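*Asks:* Residue strings, one per chain:
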Amino acid sequence: MSLRRPLLPIAMVFLMGWLVSPAVAQEETRVKARLVAGTSTIEPGSTFWLGVHFEIEDGWHIYWRNPGGAGLTTAIEVDLPAGYVAGPLQWPLPIAFVQSEGIPGYGYEGSVVLASEVTAPNDIDRSQPGMARAKVSWLACKGVCVLGSADLEASLSKLPVDPVFRQWAGQLPSSSEISDPPFSLSATGGLGDGVITHWLRWTEAPPTVEWFPDPSDALEIGDVRIQTRGGLTRIDVAVKSRKGASGSIDELPSLVVVTGDDGERRGWEMSVELTNN
Amino acid sequence: MKHVMTGVMIVLAAMGAVPAMAGDGVSVGDTAPDFTLTDSAGNGVSLSDFEGKIVVLEWLNPDCPFVQRHYKAGTMKDLAAKYDGEGVVWLTINSTNYMDAAANAKFKADNSLLYTILVDQAGDVGHLYGAKTTPHMYIIDGSGSLVYIGAIDDDPRGNKGAPAVNYVAVALDEVLAGKAVTTAETKPYGCSVKYKK
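So the sequence lines, in the order shown, correspond to chains A and B.
Under our numbering, the first residue of the first sequence carries the number 1, and numbering increases by one thereafter.
Under our numbering, the first residue of the second sequence carries the number 278, and numbering increases by one thereafter.
Simulated from the structure, these hints should not be mistaken for laboratory data.
Remember, it's a predicted structure, so these values are computed and weren't measured experimentally.
Hints are all accurate, no fakes.
Listed next, the in silico DSSO-like pairs over lysine-lysine satisfying Cα-Cα at most 30 angstroms (straight line):
1. B:330 x B:383
2. A:142 x B:349
3. A:240 x B:473
4. B:330 x A:240
5. A:142 x B:464
6. B:474 x A:142
Excised from the complex, chain A in its bound form (with noise of 0.2 angstroms):
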């Protein structure tokens, strides 16, 4: 088991690009999604944070990179010009709610920035700075569910600056290797089992704690029950693996979320060896 770097191995799932325009509003859905930046001017070399500002209609979830249960990964694709390189989608902190009896699901409501980082060439042409394109999908749900999409762009000589970058490092999960996290972690259990469970010992134990699994096609998961007492948290996870299904079964790799008493989110990205005992 191990405490991991962030979105590493998600960020293969997706295509990523990015890149800025100007609004463009999906009134015939329950979200709007525009095209936004960390800086307007874009330097030879710099890096500089390029995604999605979603703004999600009052009651209403568009989805994580784990959907859950039922639902669908919101998705961008991004389209820069020769030279520019984005990295891996970095997703902010999902929080839970229950899709329908029984079946979680993992997203965002009220509003989200997904973005990702974007390194420019060395020898960026002032004269023809070319445009930051990006095709995005989503699901949204309240009770019923409406699919929407949008085809955003902006000229990357006047990107959008969205002041939410300013903080929005800090809803991002925390990498082990700039933080270390305040639990050890060890598991027992198996898909041999059918559950998993993975116990946190903390140096202070927080008042809620929260698990979130990737996504997966090849394992599939159910019930999960967490339990903090005194210095320790258990979360037991059934899990077993789809017969035929491709993809890894040899890990779980998951999120771990913790509210403190200042009611502040903190997550770490971490992963379980499974075994067959």
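Use these hints to put chain B onto chain A, whose structure you have.
*Replies:* This is chain B only, laid out in the frame that chain A set:
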């Protein structure tokens, strides 16, 4: 590590029962549980009426955009027609809490469907099978065993075009050829089943 594990086992005993196996409902290899529902015309239909036949179960919600996309494309209708000639029975089940026989009859008529839509407003059969999404597909072989559970295809966004793999068609071909189903379980996609609360 040894110290940690010792502590873990003690707390394990103290913290109570472990959860049930993943995926409430049925699994591939199980005998498909019998059920009786009424169809959109009010006739009683039981799974056991089709003993010895290959049966496809399709979970439906006409309000779900994934379902709407597949009905617009003719995915289910064409598949049911293709395999009808092979003796395959297609049963569509609607566990949407607010859709009664009349709503299902209208959908059947609007889409000129020849196959049966079963009304499951209470959600009993949906829960019995563990249906989570619309669509959610199940295949039962001639011996009454579940041989496929999962998505209709590998194209949740509907943008793959020809390269998309229809898991149900592949599985039916294997069953009809007397082969074991290679891809027997996949992750279903779609809207959550709108169960009665």
